[in-house]
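In case you want the letters, here they are:
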Amino acid sequence: MAIDDTGDWTERTLADARDALDEGLFPLEFFHDEQLHQLEMERIFGTAWVFIGHESEIPEPGDYARRYIGDDTFIFVRDESGEVNLLFDSCRHRGARVCRAEQGNTTHFRCPYHGWTYKNDGEAAGIPQKSKAFKNLDREEHGLAHVPRLETYEGLVFASISDEGPSLEEWLGDFKWYFDIHMKLPDGGMEVIGEPHRWVIDANWKTIADNFNGDSYHTAWAHGSVLDLELGGEETVGHAGTGDSMDRHIHCDGHTTSMRGFEDEDVFMTYPEEVVEDVFSRDGLSEDQWQVARQALSFTGAIFPNFGFLHFGDTTDDPDKDVAPFFTIRKWRPLAPDKMELWSWGLAPKNAPEEFKQRMYKMYTANFGPTGNFEQDDVPIWKGITDGAKGQFAKTSDFQLNYQMGLDWMSEMDIDENWPGPGFAYSENLEEGGMRLFHEQWYELLAENPRENALGSPINIQESEDK
Amino acid sequence: MSRQDSEPDQLPNQDRDAELEALLVEREVRQFLYYEAKLLDNRKLHEWLDHIAEDISYRMPRRLMRENTADTYSEESYYFDEDYGSLTTRVKRFDSEYAWSERPPTRTGRYVSNVVVHEDRGDELDVESCLLVYLSRGDSADATFYSGRRYDTLRRREDGSFEITDREIRLNQTILSTDNVSIFL
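Going down the list, the protein sequences come from chains A and B. Take the first sequence: its position 340, counting from 1, is numbered 340 in our numbering, and each next residue is one higher. One rule links them: number in our numbering = place in the second sequence (from 1) + 1000.
Wrong hints could be hidden among the right ones.
Pair by pair, the computed Cβ-Cβ distance ranges are [what the hints assert, rightly or not]:
id: 1; chain 1: B; residue 1: 1177; chain 2: A; residue 2: 353; range: 34 to 40 Å
id: 2; chain 1: B; residue 1: 1111; chain 2: A; residue 2: 123; range: 46 to 52 Å
id: 3; chain 1: B; residue 1: 1020; chain 2: A; residue 2: 62; range: 53 to 59 Å
Because the hints were derived from the structure by calculation, they are not lab data. Where a beta carbon is used, it is the ideal one built from N, C-alpha and C, also for glycine.
Chain A extracted, bound-state conformation (with noise of 0.2 Å):
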């Protein structure tokens, strides 16, 4: 579409988008749209509980991490009391910048404009001559600002910027299920290790999206690689539809997860006997989630809207070492049409032995991140869709991405009707359907309609019909 001042611009695109994804189809110029960006930010991360941080990250009294929602700046910080506190990193004066550092330790807040300092709550604490200059101010209405919604869930800290809406329990419905597998199998326990790597990549925030909804179709390809020199075995890198995995796409309340596992084995995600035994507990699962847990070889996936997490068995740096797991959570932030900041974050379980931590958090960057053997190859790619997305053609000609596999009609796809978790799990991995559902909750959120409304592809239809 041209641009166009006329005020029907959003309703124009919305049809446009309804009409594509009936048809398993995505415009490629809304990978790169100035004007979809700006609603993007004001209706889905406006609205939406975005990932800010996980506890483990801040564990002592004023430990403090600078985080973002969009294009606004908080600032991560547990209190004196110990509460976790996401504050708005703007001066009540004069709104100029309180917090520099990216991490640290502090008490008190100083801003560096007219002296006012706050306390790691926010409470106002010191206004320089205020019994001159500011005599009739009410302290307790100029601490620094909190943010409206702040909820956590196994450690991990999410926040919304809005004041009304689903509670995160909601936001996350049944999905925790799943979740809670990676979070709850260990005793004690996920935490992160160290600091996450930042990166700003030339991509729209929708391509990694996508991806982590579920592209089981991408990995033989771009991480060829990785499967030619044996780095992952073919169950964990190989093409989708192909070895004797089970493999299952599983899609719940509006977030989505794919594994791969084997029936019937104890795979745990290749965790070591002794982490298995020692430190993994059927105490915070369910039977049924325990034995997803015991037959998993690898699972993907992702939080509405910007979350998402890889949890990997046998995979190494070295063909000639053993093979261990890694387990890394990331945060992708939209800066602009054509730009993202990738936050990633590397995390092991918190009783383990240091040795076999390190070892995880070593599997975490030879696999994924920056220097990834696996996502050194994606990020191009995902620029490439960027700029191709960023010209006239795209939309002169109506170019449509096809994200049609699995739907009824394209393949043959069955559900497995004996499928312990909630939500629903194609029975393999062939298919589609986390994209067109993240497209879809894409497309309700800047409706303005309730997320709720998308229900994903045709055949979730007609299963949501049946139930």
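Chain B: place on chain A using the hints.
Quick look at chain B alone, frame taken from chain A:
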């Protein structure tokens, strides 16, 4: 390995012969670092590996941004923490026709400067240098940079050349502005 980067340079040595000897060593080290830079700029990665010792520790920690200290690096987070096996694996991966990020290869120009030999133990030397790498990719004039210091331990070989037994790369950047790190520094 010494990291005396905050220390001022030594005053000129009174002993001219010793100073000449040190200068020759420094020249040898610089020649090696320039040669290494050229190998990497030309993406002669296997030839580069020939100068990597089998007991190599090759690290690039994540730089931190703290309120009061300029030169802090993470004790836990890093981009690289490689041994000979994992470094060799990374090199071999680039031989694959599917290593897309380096097809076509990144155009790089490495500028090595501020070379200081901190300690010469005869068979091994501790060397500090600055590195600036120009990078450009694909069909684009866009360019970006890595900038940092490297702390190396070089071991003399029988053929008169060196091999690297220890390297720590300390980038100036906290937030990387590149798609990925698919080159060696």
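Here is what the structure says about each hint:
1. At roughly 37 Å, the beta carbons of residue 1177 (chain B) and residue 353 (chain A) sit within the given window of 34 to 40 Å.
2. Taking 46 to 52 Å as the suggested C-beta distance range, the pair residue 1111 (chain B) and residue 123 (chain A) conforms, at roughly 50 Å.
3. Separation of residue 1020 (chain B) from residue 62 (chain A) is about 55 Å and conforms to the stated range, judged on CB atoms against 53 to 59 Å.
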